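S.K.: Chain by chain, the residues run as shown.
Protein chains: 2
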Amino acid sequence: MKEYSSLSKEELIELQKKLNAEYEDAKGKGLKLNMARGLPGAEQLDMEADFFNTLNPNSNFKSDAGIDCRNYGELLGIQEARKLMADMMSISPDNVIVFGNSSLNIMYDTVCRSMILGVCGSTPWCKLDKVKFLCPVPGYDRHFAITEQFGIEMINIPMKADGPDMDMVEEFVNNDPAVKGIWCVPKYANPTGITYSDEVVKRFAKLKPAAKDFRIYWDNAYNVHHLYDNNQDDLLEIFAECQKNGNEDMVYKFCSTSKITFPGSGIAALGTSKKNLDFIKSVITIQTIGHDKLNQLRHVRYFKNFDGIKAHMKKHAAILRPKFELVHEKLEKELGGLGIGSWSNPHGGYFVSFNSMDGCAKTIVGMCKEAGVNMTGAGATYPYKKDPFDSNIRIAPTFPPIEELSQALDIFVICVKLASVNKLLEDM
Amino acid sequence: MKEYSSLSKEELIELQKKLNAEYEDAKGKGLKLNMARGLPGAEQLDMEADFFNTLNPNSNFKSDAGIDCRNYGELLGIQEARKLMADMMSISPDNVIVFGNSSLNIMYDTVCRSMILGVCGSTPWCKLDKVKFLCPVPGYDRHFAITEQFGIEMINIPMKADGPDMDMVEEFVNNDPAVKGIWCVPKYANPTGITYSDEVVKRFAKLKPAAKDFRIYWDNAYNVHHLYDNNQDDLLEIFAECQKNGNEDMVYKFCSTSKITFPGSGIAALGTSKKNLDFIKSVITIQTIGHDKLNQLRHVRYFKNFDGIKAHMKKHAAILRPKFELVHEKLEKELGGLGIGSWSNPHGGYFVSFNSMDGCAKTIVGMCKEAGVNMTGAGATYPYKKDPFDSNIRIAPTFPPIEELSQALDIFVICVKLASVNKLLEDM
Numbered sequence: 044m045k046e047y048s049s050l051s052k053e054e055l056i057e058l059q060k061k062l063n064a065e066y067e068d069a070k071g072k073g074l075k076l077n078m079a080r081g082l083p084g085a086e087q088l089d090m091e092a093d094f095f096n097t098l099n100p101n102s103n104f105k106s107d108a109g110i111d112c113r114n115y116g117e118l119l120g121i122q123e124a125r126k127l128m129a130d131m132m133s134i135s136p137d138n139v140i141v142f143g144n145s146s147l148n149i150m151y152d153t154v155c156r157s158m159i160l161g162v163c164g165s166t167p168w169c170k171l172d173k174v175k176f177l178c179p180v181p182g183y184d185r186h187f188a189i190t191e192q193f194g195i196e197m198i199n200i201p202m203k204a205d206g207p208d209m210d211m212v213e214e215f216v217n218n219d220p221a222v223k224g225i226w227c228v229p230k231y232a233n234p235t236g237i238t239y240s241d242e243v244v245k246r247f248a249k250l251k252p253a254a255k256d257f258r259i260y261w262d263n264a265y266n267v268h269h270l271y272d273n274n275q276d277d278l279l280e281i282f283a284e285c286q287k288n289g290n291e292d293m294v295y296k297f298c299s300t301s302k303i304t305f306p307g308s309g310i311a312a313l314g315t316s317k318k319n320l321d322f323i324k325s326v327i328t329i330q331t332i333g334h335d336k337l338n339q340l341r342h343v344r345y346f347k348n349f350d351g352i353k354a355h356m357k358k359h360a361a362i363l364r365p366k367f368e369l370v371h372e373k374l375e376k377e378l379g380g381l382g383i384g385s386w387s388n389p390h391g392g393y394f395v396s397f398n399s400m401d402g403c404a405k406t407i408v409g410m411c412k413e414a415g416v417n418m419t420g421a422g423a424t425y426p427y428k429k430d431p432f433d434s435n436i437r438i439a440p441t442f443p444p445i446e447e448l449s450q451a452l453d454i455f456v457i458c459v460k461l462a463s464v465n466k467l468l469e470d471m
Numbered sequence: 044m045k046e047y048s049s050l051s052k053e054e055l056i057e058l059q060k061k062l063n064a065e066y067e068d069a070k071g072k073g074l075k076l077n078m079a080r081g082l083p084g085a086e087q088l089d090m091e092a093d094f095f096n097t098l099n100p101n102s103n104f105k106s107d108a109g110i111d112c113r114n115y116g117e118l119l120g121i122q123e124a125r126k127l128m129a130d131m132m133s134i135s136p137d138n139v140i141v142f143g144n145s146s147l148n149i150m151y152d153t154v155c156r157s158m159i160l161g162v163c164g165s166t167p168w169c170k171l172d173k174v175k176f177l178c179p180v181p182g183y184d185r186h187f188a189i190t191e192q193f194g195i196e197m198i199n200i201p202m203k204a205d206g207p208d209m210d211m212v213e214e215f216v217n218n219d220p221a222v223k224g225i226w227c228v229p230k231y232a233n234p235t236g237i238t239y240s241d242e243v244v245k246r247f248a249k250l251k252p253a254a255k256d257f258r259i260y261w262d263n264a265y266n267v268h269h270l271y272d273n274n275q276d277d278l279l280e281i282f283a284e285c286q287k288n289g290n291e292d293m294v295y296k297f298c299s300t301s302k303i304t305f306p307g308s309g310i311a312a313l314g315t316s317k318k319n320l321d322f323i324k325s326v327i328t329i330q331t332i333g334h335d336k337l338n339q340l341r342h343v344r345y346f347k348n349f350d351g352i353k354a355h356m357k358k359h360a361a362i363l364r365p366k367f368e369l370v371h372e373k374l375e376k377e378l379g380g381l382g383i384g385s386w387s388n389p390h391g392g393y394f395v396s397f398n399s400m401d402g403c404a405k406t407i408v409g410m411c412k413e414a415g416v417n418m419t420g421a422g423a424t425y426p427y428k429k430d431p432f433d434s435n436i437r438i439a440p441t442f443p444p445i446e447e448l449s450q451a452l453d454i455f456v457i458c459v460k461l462a463s464v465n466k467l468l469e470d471m
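Which chain is which? The protein sequence lines are A and B, in order.
Just add 43 to wherever you are in the first sequence, counting from 1, and you've got my numbering.
Just add 43 to wherever you are in the second sequence, counting from 1, and you've got my numbering.
Mixed in with the good hints there might be a few duds.
A pair counts as met if it fits within one copy or between any two copies, since identical chains are not told apart.
[What the hints assert, rightly or not] Straight-line distance between alpha carbons at most 27 Å, and here's what the computed BS3-like set of lysine-lysine pairs gives:
hint : residue 1 : residue 2
1    : Lys324    : Lys175
2    : Lys170    : Lys255
3    : Lys412    : Lys324
4    : Lys405    : Lys203
5    : Lys324    : Lys170
6    : Lys373    : Lys318
7    : Lys52     : Lys357
8    : Lys126    : Lys357
9    : Lys358    : Lys105
10   : Lys405    : Lys61
11   : Lys428    : Lys324
12   : Lys255    : Lys61
13   : Lys376    : Lys249
It should be emphasised that the hints constitute simulated quantities derived from the structure, not laboratory data.
Everything numeric in this text was worked out from a predicted model, so none of it was measured.
All chains should be modelled from the sequences, with the hints used to inform the complete structure.
M.R.: Okay, structure coming up:
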């Protein structure tokens, strides 16, 4: 393969002609394909049919402690659900609150609470002139949307192969008291797929924040979402590291079973220090009487324990692995050596991160859309939806059946090639 | 029966002696009874076993519109769940959002959102010097706890037999731009059991608020919670009344199935104008991807339609009616004519409101506790937990089995009598 940048104007024009024809042909197919969001596919959901027998008319609805899960109460969650989520988070059940169906909702409420009531007695953020969050980029659009809604200034932190640029993180956190948080997806990161190295986690744990209400928002959404049995990323447990450094109040850990059982009908949890937990409890006791304990019971009875979750996720991996491998193969085959794009090849998670030539991402996503392939909006992986390089595209291969994924990728690579050729010609 | 106030000092001392003996005797029984919270009893919960077969491994998990309820999406709720809740709220499905398991949580978030983001573009309340809510008293302690947490000043509005004192409500709402809301439980009110008259609802709908972001928080928690088939209260539908008066944005209607199916595992909804709904949607789309659609589906499939809910609630009534009648009989028999207490005799809802002689409620509740009967804290039915008369006690007869309820009431009446005698002697 010859790099596009080495082609002459005439060669590029010839190529443009050919690609335009391929693109028009693709558009003519009238496809409707979706690679936009990190949704489980139907095959994954069908696999879980037994879940719906977990609670049935003959079930005992009492928790191990004798709590009737059909009635009010247990604000922190039933003990066995706290244990299940705690084991998944590698933290003690005493440090866990099980909430409702959405870890995003927990994160939103955590920021929201800080805005109005502060953090463990600090000044409410809405009373401050300026509040800032650090945002490793590219990152998760829904994180950035939360801080944007609350008018919190977001600062881009470049992501490296082993995590965020920690020199920058330390510089900001340790010196600027307006910096109150950082958004992290530390394992199989959304979208880059990388996992933070031990060194990065240790540097996080050793931060000396200028703001006493600075917290690390540690969204371990893909904790157990490995693609391979024998090629799994390991993530150092951050809470214990923070404790070692006298920083145990500095981290909120979030997780959910949204992509383990059912998106929208899973259970979500927060893991944090006793002090944080007591403060949060004192606030949420006014917000609700308790979350859905029957759904907690369903999850506990279905999985029995954390080993049950791990075994279950191997079945997910068997479905998802071929999809990720197809993405890698297609991109390698069609774009390898052309110098017009690079992409991640993650060991887990829900995304492949693609970087086009600078200034091409919006065009590519727009062209895909016109040809019936819905991608995550270009720029979405940056705060304020502004990718300064207009380069990053998040590919979500999990939802479409593999045949549709294949069709969608065929169109995607045509769009990448055509947009790149157009750009090279424009820049000449 | 002779009124206690007409007894001589000697007669009172004699009575005190007798009651003290009865009280000591009661304490000696070492009972542990609960009349504190509005919880359904086990018999009600057991009745619903079939609910747990509504979704099973063989179910079709698609909504009528073909939405896979096991996956992400449908922020406003699946259409048939919006319809079910809309019919219960006598409003159009287009005006309804189905949320998670708790209407309290919707109310909390609604106030919280107004604090940080304002209401449909108004100034965020956290930027104002003063925000006030009107609180009909006695009322629901958890409402008052929300406004207290956010530092909103609460103003007591006396409850009359047909609803809040509307002269006062009009005076405040129409003149004071700091008044942003009023808490209402308009039917079988918590705790007084009264239902707002048509006249009161019409006066609400005709308010001319000084604040454009004033809203009525209409918590119709006991909408279908009748005790009798042929003696039911009717509540005029407020949203249509507001529309007639060009005030359609003025009301938020809240409801849930917490006391229809399962507390903590029901579904809750908000009904409001298109303008309010669009604003709220634009905010919550950042907070969550969607609520639990499988639980929405369970509810729709279980009840089929609003008639299904109504039929179901007759079974609840059959369980609850004897409990409420027992309360009335015991109080009438033991306290009737003594002039030391009055109480409500509601046609529905979850509570009986008891008014002791002024200055006795705390003492009575404390004495009950000492004898093993847990009541709602005295004062709880007032903002800041301050009952200016120290008189109102909320009796929650639904949770204990009827034998235990009977025992608890026996102790309660002893405590009422003894506290009253003590007070009369003190005041002599």
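S.K.: Just pull the numbers of the violated hints for me, sorted ascending.
M.R.: Per hint list: 6, 7, 12, 13 violated.
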